[in-house]
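Letter by letter, the chains look like this.
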Amino acid sequence: MASFNLKINGTTLEVEADPSTPMLWVLRDHLKLVGTKFGCGIAQCGACTVHLEDNAVRSCQLPVSAVGDQKITTIEGLSENGDHPVQKAWLEVDVPQCGYCQAGQIMTASAFLKNNPNPTDEEISTAMNGNICRCGTYTRIKKAVKLAAADSK
Amino acid sequence: MTLVKTKIGRRSFIRTSALAGGGMMVGFSWLASCKMTPEQVNNLPKEWFDINGFLKIADNGLVTIMSPNPEIGQNVKTAMPMIVADELDVDWKDVIVEQAPLNLDVFQRQLAGGSQSIRHGWEGLRMAGATARKMLKQAAAKAWEVPEAEISTAMGRLEHKASGKSAGYGEMASAAVQEEKPDEAPESIEAPEEVELKSIDQFTIIGTDRKNVDGPNIITGKPLFGIDIYEEGMLTAMIVHPPAFGLTYKSMNADEAKGMPGIKDIFHVTVYPEDAEKQWSDGGGIPELVAIVGESTWQCMQAKKALQVEWDTPEALESTKSYGDDLSKLLEAPVEKPARADGDFKKAFAGASKTIERTYTAPFLAHNTMEPMNFYANVTADKAVLKGPIQTPEFLEKTLASVLKMPLEKIDIDMTRMGGGFGRRLYGHFGVEAAVISQKVGAPIKLVYSREDDMTQGTYRPAYKVNFKAGLDANNQLIAWYVKGVGTNDDLIFENRFPAGAVDNYLAEKNSLNTKITTGAWRAPRSNFIAGAEQSFMDEVAELAGKDPIEFRLELFERATSNPVGDPEKNDYDPQRYAGVLKLVKEKSNWGNGDKARGVSAYYCHNSYVAQVLDLNMNGNQPQVDEVWCAVDCGIVINPISAKNQIEGGIIDGIGHATFSQMTFENGAPQQQNFNDYRLIRHSEAPKAIHSYFIDNGIDPTGLGEPSLPPIVAALANAMYKATGKRVYNQPYILEKEVVG
Numbered sequence: 001m002a003s004f005n006l007k008i009n010g011t012t013l014e015v016e017a018d019p020s021t022p023m024l025w026v027l028r029d030h031l032k033l034v035g036t037k038f039g040c041g042i043a044q045c046g047a048c049t050v051h052l053e054d055n056a057v058r059s060c061q062l063p064v065s066a067v068g069d070q071k072i073t074t075i076e077g078l079s080e081n082g083d084h085p086v087q088k089a090w091l092e093v094d095v096p097q098c099g100y101c102q103a104g105q106i107m108t109a110s111a112f113l114k115n116n117p118n119p120t121d122e123e124i125s126t127a128m129n130g131n132i133c134r135c136g137t138y139t140r141i142k143k144a145v146k147l148a149a150a151d152s153k
Numbered sequence: 001m002t003l004v005k006t007k008i009g010r011r012s013f014i015r016t017s018a019l020a021g022g023g024m025m026v027g028f029s030w031l032a033s034c035k036m037t038p039e040q041v042n043n044l045p046k047e048w049f050d051i052n053g054f055l056k057i058a059d060n061g062l063v064t065i066m067s068p069n070p071e072i073g074q075n076v077k078t079a080m081p082m083i084v085a086d087e088l089d090v091d092w093k094d095v096i097v098e099q100a101p102l103n104l105d106v107f108q109r110q111l112a113g114g115s116q117s118i119r120h121g122w123e124g125l126r127m128a129g130a131t132a133r134k135m136l137k138q139a140a141a142k143a144w145e146v147p148e149a150e151i152s153t154a155m156g157r158l159e160h161k162a163s164g165k166s167a168g169y170g171e172m173a174s175a176a177v178q179e180e181k182p183d184e185a186p187e188s189i190e191a192p193e194e195v196e197l198k199s200i201d202q203f204t205i206i207g208t209d210r211k212n213v214d215g216p217n218i219i220t221g222k223p224l225f226g227i228d229i230y231e232e233g234m235l236t237a238m239i240v241h242p243p244a245f246g247l248t249y250k251s252m253n254a255d256e257a258k259g260m261p262g263i264k265d266i267f268h269v270t271v272y273p274e275d276a277e278k279q280w281s282d283g284g285g286i287p288e289l290v291a292i293v294g295e296s297t298w299q300c301m302q303a304k305k306a307l308q309v310e311w312d313t314p315e316a317l318e319s320t321k322s323y324g325d326d327l328s329k330l331l332e333a334p335v336e337k338p339a340r341a342d343g344d345f346k347k348a349f350a351g352a353s354k355t356i357e358r359t360y361t362a363p364f365l366a367h368n369t370m371e372p373m374n375f376y377a378n379v380t381a382d383k384a385v386l387k388g389p390i391q392t393p394e395f396l397e398k399t400l401a402s403v404l405k406m407p408l409e410k411i412d413i414d415m416t417r418m419g420g421g422f423g424r425r426l427y428g429h430f431g432v433e434a435a436v437i438s439q440k441v442g443a444p445i446k447l448v449y450s451r452e453d454d455m456t457q458g459t460y461r462p463a464y465k466v467n468f469k470a471g472l473d474a475n476n477q478l479i480a481w482y483v484k485g486v487g488t489n490d491d492l493i494f495e496n497r498f499p500a501g502a503v504d505n506y507l508a509e510k511n512s513l514n515t516k517i518t519t520g521a522w523r524a525p526r527s528n529f530i531a532g533a534e535q536s537f538m539d540e541v542a543e544l545a546g547k548d549p550i551e552f553r554l555e556l557f558e559r560a561t562s563n564p565v566g567d568p569e570k571n572d573y574d575p576q577r578y579a580g581v582l583k584l585v586k587e588k589s590n591w592g593n594g595d596k597a598r599g600v601s602a603y604y605c606h607n608s609y610v611a612q613v614l615d616l617n618m619n620g621n622q623p624q625v626d627e628v629w630c631a632v633d634c635g636i637v638i639n640p641i642s643a644k645n646q647i648e649g650g651i652i653d654g655i656g657h658a659t660f661s662q663m664t665f666e667n668g669a670p671q672q673q674n675f676n677d678y679r680l681i682r683h684s685e686a687p688k689a690i691h692s693y694f695i696d697n698g699i700d701p702t703g704l705g706e707p708s709l710p711p712i713v714a715a716l717a718n719a720m721y722k723a724t725g726k727r728v729y730n731q732p733y734i735l736e737k738e739v740v741g
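Just so you know, the sequences run in chain order A and B.
Per full-length UniProt numbering, residue 1 is the first one in the first sequence, and the count goes up by one each step.
Per full-length UniProt numbering, residue 1 is the first one in the second sequence, and the count goes up by one each step.
Any given hint could turn out to be false.
Stated by the list, open to error - Taking lysine-lysine and the BS3-like style, the derived pairs with C-alpha atoms no more than 25 Å apart in a straight line are: (1) 347/B - 570/B; (2) 143/A - 588/B; (3) 329/B - 547/B; (4) 440/B - 383/B; (5) 440/B - 305/B; (6) 383/B - 278/B; (7) 142/B - 337/B; (8) 143/A - 114/A; (9) 146/A - 211/B; (10) 405/B - 143/A; (11) 114/A - 153/A; (12) 329/B - 737/B; (13) 88/A - 410/B; (14) 46/B - 5/B; (15) 142/B - 143/A; (16) 410/B - 278/B; (17) 440/B - 146/A; (18) 469/B - 547/B; (19) 278/B - 469/B; (20) 588/B - 410/B; (21) 88/A - 93/B; (22) 161/B - 142/B; (23) 264/B - 32/A; (24) 143/A - 440/B; (25) 278/B - 321/B; (26) 278/B - 405/B; (27) 329/B - 469/B; (28) 264/B - 250/B; (29) 583/B - 688/B; (30) 337/B - 114/A.
These are computed hints drawn from the structure, not numbers from a lab.
Next up, chain B with everything else stripped away, as it sits in the complex (with noise of 0.2 Å):
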């Protein structure tokens, strides 16, 4: 049994009016893609029931909950309201979803980023569930005078066996509030303070298929997405930004410009003034803009052609064939204090009895979500409206309320779908653009980036550079690693990660490179580069040790577990559930059989532990993966046919981006704007299989949308080299060679 504080406002059974609540939504999303029977139309709730901010039941057993967290395509709009629903033990077929406004009143951690939506809020939407069916049962205790402990729930409804009374959860809700003062909470029934939560083996929704909520509205075609807004007197905006890192706005002629047809007004921005109290969310935004302003995008779009801006150079401009220098002096310079040593590398390396060092590079990527950065505003005098994609709602309102100089209950942010996110829209740069044009305009905007801007805005995935060195002693055991990394304006190393702890000399260094072009946080940040590289080197280390790859691996999470190297609280990993998917994918793979060309990978990351085989053939010199066998410990999994498809989704965005992706820059200009020149995995180039497997432990939930694409791309370039003969050291793979750092 577990107990857990409720942390809920002590308020309870609100009514809500049909049309405010979950009413407007039956009209919406729940049965907006197929026609209504006359039944359904006949049992439209009436009242809706609000228990907590995180569910509303309706009069006729509906119920309503709300997604706190923003959807960027990881699913977690269906996986949150499933948890809820569990433990308030309805019907999945009597849910609607709705998605939470930003409300830091109700909700905590309302944010996209790390993988960790699940994880942070696991306890608390079981709680939010448990608390409602707790004061449901309070409520039927009362009504039926019986006590509590004897009525038990299932399926949305309440019984007493021994009275044979029973009521649904909505016709109980029902009669609490009329009971008492109709438009009020009634008195005795108030949120408890603890409540039990279910055990594993009494969920009846979590670890079930449950399709993606939205999934009717998707197929038809609703607007689901930012850029599909478009309200009353709304007028469209778009910028013009710098076209190369490094210059700044000097002026502009915008004369023809605005005399084209539709075009209400043309004019340069200040985004963040220097008073600006700013965010990390709002990283590589730019401070000066021209903003185009006109009835249409494709007006705008053509004005933008017309339009005639220049640009100062205060400084000299890079380009990124001087980062591949630059990171290459960085590696060999010395740094002040190692990230973590244990014994003592440089003398074990000396005294091996065999050495092996390696190089590898990865370079800038775009986050290119399917939908542009876009978002409506609606600054007037005393509010300010805004709503579309963002992964990060709350940091962008504190930047608004500084920005626009409003205090922040006067800052309405509601979150759309949104069309991808990869960690791109955790930077809300572009709400506050939309937010100041619409304050400069004195109308409703929707900002709307192009293809190009967006591509061309920077906030890429840094470029890095990484040095490996091992040495076997004259038992090919791994006696010394060395792992020394350097990025640009980021530092790469995990210092605390495998293979820390099953070495006994270790030594981990990092560095990083200010540099002009702006970088941040992209599908695994740091991991989708060096696990990758790590991976790779281990299967040499490995190669050179005589020894199988997997077995190998296993020695040494052996060592970690038994007789840990250093501090074994300082591993930010467990040992054992690494052990444990390299051995289900051993299993599920029929590793060691058959005569494809074949690799192995596993990382820890997002505190989920991948294990994965992959098979391929090449074309060329291009690799076509045929079939990817992967082992994942992410705890309890919520749903898993969401789930394989995040873990299908991550390996086929891994193999890609290692494959085929780049951006470089000459003179501080993107040489890759849109997908004629930026090169993206396509349907032809994707793995014909890929087999997901889950580790079943009962361990609380854990990361998802991002662990499975690290490893992959080791797994591919491990068995690129059983294919070809060569290793690759260099991203994109497919060029074969060094394109930056």
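Bound-form chain A, shown alone (with noise of 0.2 Å):
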């Protein structure tokens, strides 16, 4: 066991937890933050996508011991009030059917959009290609991602 300090959602959270520890499981086990999902354990299906400062990460293989002093921003505090662009476009376009998956598709879209505000139709498929969809929401989720780099502007 170790102590850890970290920066989420803009507030430091203490944390004691083994270092081997994978950020999925301090999130929602230690910290209750359980909208970064478990699908899958071994970086396959991006349920539990986070960002570590601008980057989409897997957090099921982010060691807590790893993190440091960077920022990691989960679902939960992507925006105040849930009202970030990609965020309304997912509610405009109704993308979700089951929404396990959503909050994972949600973070890596946002962190795309930012490296990348006007892509095109190839680009959103690569960048949405690691997050798995078992419900088939894909042709939805390209619309909300089109919508929300279109609201960005």
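Take the two lone chains and join them into the complex the hints point to.
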């Protein structure tokens, strides 16, 4: 066990955990930030995506000991009132079916659009390819990412 | 005018505290994602009045509507309350939706399966809304001393035009209760024995786009799913199940694992004792497991790695390779009696001018809901409280009563939103496991499966093999049709579906191969394979006849309409509705024009009709679907924006599994364990666009969560043929070889 001071969603939180514990489980089990989802545990499905600084990363593969001073943003901290352009677009297009993978999808999309505000369809497909949706909402996800890009202009 | 019996207990207007009822929901989900305005804060409800178990009305006019059925992503949590709200005549923006717990005293068929929630719930939901509206009118008639028949309702308000009196529902409910004994139902207002339902043209909410009621909570990461439950004093549990089908528990060495940080206990557990009364919903539940209980998920996962479990091999283990041969032998073996026989197939086939025979196969599939199996349980000496993702809470409760030796009334089950179902959560063994583990450790626990536990547990879509034969006469008329289907623990064939009734000489046979690998319902059971095979074969038969594939099918529907073969009552489809969707998709896709490789398919299942046209390009051996046009007849569409989502999802899901996915087994051991070796369709592989169209016929609503999946498999295969000149017979198509069966 070790103690970590983590910068999460704009505040510093202290956590006692084994240094090998992935951020996914620190967020969920220790901090009860359950918006970040467990899907596969091996960085194949994207359900656990968070932002490390400005980059989308798989929190299931990020040990708490590797975070240090870097800022982590989860779905709960993406916006104060659920009004990030990507979140708004998700509601407008009515993307979710079961909804389980959508936080990860939104975190991937929001990091992607920050680096590439005017993406082509192909760039969207490539960026979103690491996030699986078993319900099959891919066509709506693409529509929502494009809408968020247009609204951010 | 439709009058229906109310079937509701004669109770009414029960005052509930603001906290116990919908009041909590206001704090929780209604406004959770946005900041409340001062006006909203000032206007929070002070009292709620429970009208009939389905809905509560607040003094300020807000309405809480219970969604009775489990939500697995089919969006009944929006659609079912929409139906109640429409008959109640309220403004949708005043509606708060709450997931009902299992309560069969109030609700019927609290089950998510077979795409039947709306079809079976339709009348009951309308009745609940209409009953409440009538009772509010009765209260107004009494208060205003005017005839009830002169009172009209709209947008949550009552009005008596002649006297100029009007009141909101909340005011009226409040006044009705105040007037009489304050904590009892007013005696003069009782649930009526029958109520009048709206006519279709009076609907104001049904048929309009209403966004997912959980949308704001989903996009902000609120705790909605079973796996998100964290209760005071709760421990985490994981299980170890046999690594191969056919193995049983022998012994374990848990010395090291038990000493690891955070680990509370590790033990062998009997989930289903020999005297347990199992339900069908216990499916492939494994009777004996090893349980690990600890403080956190990661600690349990670490202990699991250190744990050594030994397994017995009481019988020979099975491999998928042998199933291929076993299913082939079963296809060739005679059956005792046909599932259906019209005319004389053998004779007609022998005398046909042209004949064709084809065999199709598909492998086992895992469900792979994105939320792995999990359940919360707190079992004490005199009570069992369970919460989690379950499609069949009623049956879970029955099994728990037997396993825990506890009466039903001491078992409470709450349903959480589910991170996918697809049939997997019909089989609630994980709920039983959670309860048994909680009982043994004497603490509340949340059982969580790892992805590997989830993918290798069983309850798969069966592996299938099907053989078709068809014969044409000299005029290229279809005169003989034969289908024989076999599957693992499943016999595949719906003998009374199309083209039964459209062919003079028709023979359907089926058989099943018993295997140790457990199987279960997987989105559109049996249809998910047989539709693709049948409609691929139909395409080849049409080609053999030298006819356009749509025209060929329409001719058969015409035959089944004008001069059906056999007893038309036996055919479980309506050929005119079938033809209707095919004609609509033909028009919308501009069939017959353009130079794209395109395929067509049509199928009927879950009481709904679907026809699809699909365009694609090939990228090596991988199809890249460009566009899909889909025509659907599911009767009245409750919520079009969400209905289209279901259609799109089924199409992508169907294309994905037919193209990429498979489960294989060696000596009983699953060869795919996680998403690195089990391939699911990804974003770049999905169609570029899907266009959905619905037949507007005012017929009562039917299934929507499953019917778009089965036919797309053939639309894909038929388009692949157009692109490559080569037919595909074995799923997954990307492998170009038979995997199993």
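Is the Cα-Cα distance between residue 161/B and residue 142/B 25 Å or less? holds (16 Å)
Does residue 469/B lie within 25 Å of residue 329/B when you go C-alpha to C-alpha? At roughly 17 Å apart (the allowed maximum being 25 Å), residue 469/B and residue 329/B satisfy the hint.
Do the alpha carbons of residue 469/B and residue 547/B lie within 25 Å of each other, as the hint requires? holds (18 Å)
Is it true that the CA of residue 440/B sits at most 25 Å from the CA of residue 383/B? holds (14 Å)
Is residue 142/B within 25 Å of residue 337/B, Cα to Cα? Roughly 67 Å between the alpha carbons, so the hint for residue 142/B and residue 337/B is violated.
Hint check: residue 329/B vs residue 547/B, CA-CA at most 25 Å. Holds or violated? Violated, at about 34 Å.
Are residue 337/B and residue 114/A close enough, with their CA atoms no more than 25 Å apart? At roughly 65 Å apart (the allowed maximum being 25 Å), residue 114/A and residue 337/B break the hint.
Restraint check for residue 383/B with residue 278/B, where alpha carbons must lie at most 25 Å apart: holds (20 Å)
Pair hint outcome, residue 278/B versus residue 469/B [Cα-Cα no greater than 25 Å]: violated (41 Å)
Tell me if the straight-line CA distance from residue 405/B to residue 143/A falls inside 25 Å. At roughly 52 Å apart (the allowed maximum being 25 Å), residue 143/A and residue 405/B break the hint.
For residue 583/B and residue 688/B, compute the direct alpha-carbon distance and say whether it is at most 25 Å. holds (23 Å)
Given the hint that residue 278/B pairs with residue 405/B, test it: the Cα-Cα distance must not exceed 25 Å. holds (13 Å)
Of the numbered hints listed earlier, those contradicted by the structure are 3, 7, 10, 13, 14, 15, 17, 19, 20, 24, 25 and 30.
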